[in-house]
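Number of protein chains: 2
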Amino acid sequence: MKLPVSTEWVLHCATTLAQLNPGATASTTQLAQYYDLPAPYLAKQLKALVKAGVLAATTGPRGGFRLARPAASITLLQIVEAVDGTSPPYECREIRQQGRGALPPEECHRTCILAAKMAEAHEAWRSSLAGVTLADILATLPPAAPSRTRLRLSGTT
Amino acid sequence: MKLPVSTEWVLHCATTLAQLNPGATASTTQLAQYYDLPAPYLAKQLKALVKAGVLAATTGPRGGFRLARPAASITLLQIVEAVDGTSPPYECREIRQQGRGALPPEECHRTCILAAKMAEAHEAWRSSLAGVTLADILATLPPAAPSRTRLRLSGTT
Ligand code: FES
Ligand code: FES
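Keeping their order, the protein sequence lines are chains A and B. Going by this note's numbering, the letters in the first sequence line up with residues 1019 to 1175, in that order. Going by this note's numbering, the letters in the second sequence line up with residues 1019 to 1175, in that order.
Calculated directly from the structure, the hints in this document are not laboratory data. Since this is a predicted model, take the numbers as computed values, not measurements. Incorrect hints may have been included.
No distinction is drawn between identical chains; accordingly, a pair holds when it is met within one copy or between any pair of copies.
[What the hints assert, rightly or not] Mimicking DSS-like on lysine-lysine, the simulated pairs with C-alpha atoms at most 25 Å apart in a straight line are:
#1 Lys-1069 - Lys-1135
#2 Lys-1135 - Lys-1065
#3 Lys-1020 - Lys-1069
#4 Lys-1135 - Lys-1020
#5 Lys-1020 - Lys-1062
#6 Lys-1020 - Lys-1065
So that you can see chain A by itself, here it is in the shape it has in the complex (with noise of 0.2 Å):
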């Protein structure tokens, strides 16, 4: 069981985008050139991030990615699920029904309860993540780093 690799990369420009402030924007090659990161694959990332809700795309000359609502609306687990999908780790194919162990079908209008069991525990990671917002990330930091960050991304230091 594995995140993508980008899970980090996304997590992370959420954050620094967080840091921006009001109006402002920062471009993939400034989100790429601030964590070294390849910025094509980065770019791809960013659009999903866009096409869930989470930033918004300006577009022309000076066009970049701002968070697209207030951090403190936006979760890590809407974040992890913009690359790497909803679809839950485990899954059932009704293995219970098939075999000389079969189950008669009347058996099997419930879910399986090992089925239901996983489900729970995708579930509690789920609330795990969605209880955590891009504001509560920001409220850790030190009082200085928004500032450094702003200066660091737009690269004119």
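Given the structure of chain A, go ahead and fit chain B with the ligands onto it with the hints provided.
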């Protein structure tokens, strides 16, 4: 983030073995026929369960598998981690320390807050599965299930 298809197999096989009479065993062939699974690949997974201390293997012509411990002390987590491993799905590669935004090492003594939150979510998943034993699963089966399971598993019907 995907668990291997064999996760469902081992959860069900362990549940099946938990329904045997004390001292009884079932072979790979019997389990494979019970769920219509490819025996060679199932054999590998059962070996992983033995290695993890979930199952015990007896050798010889009447050899087979049984639970290595009481059903009440085998958790779904142990079964799942036996086949999928214990490494967490999220991998932090310390991107906070690379690129133009690289933080100085002295600001990176603590685990990155994003990595910490991802680890918490994984722990929530683990606790959920660690809280369910095979005995809990058996307790949800209809009273007639274990004897039917034994009959069909032995293939003498
Ligand atoms: S039939 Fe799929 S988990 Fe039981
Ligand atoms: S440096 Fe890896 S999650 Fe922050």
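One pair to classify: Lys-1020 and Lys-1062, alpha carbons no more than 25 Å apart. Within, between, both, or neither? Both: 19 Å inside a chain and 21 Å across chains, each within 25 Å.
For Lys-1135 and Lys-1020, with the copy left unspecified, which applies at a CA distance of at most 25 Å: within, between, both, or neither? Intra 20 Å, inter 16 Å, cutoff 25 Å: intra and inter.
Homomeric proximity label, Lys-1020 with Lys-1065: Cα distance no greater than 25 Å: both (21 Å within a copy, 23 Å between copies)
Could you figure out if Lys-1135 and Lys-1065 sit no more than 25 Å apart (CA to CA) within one copy, between two copies, both or neither? Between. Shortest inter-copy distance 24 Å satisfies the 25 Å Cα cut-off; intra-copy 34 Å does not.
Within, between, both or neither, where Lys-1069 and Lys-1135 count as close if Cα-Cα is 25 Å or less: between (31 Å within a copy, 24 Å between copies)
How would you classify Lys-1020 and Lys-1069 at a CA-CA limit of 25 Å: within, between, both, or neither? both (22 Å within a copy, 22 Å between copies)
Every hint, counting from the list given before, is met by this structure.
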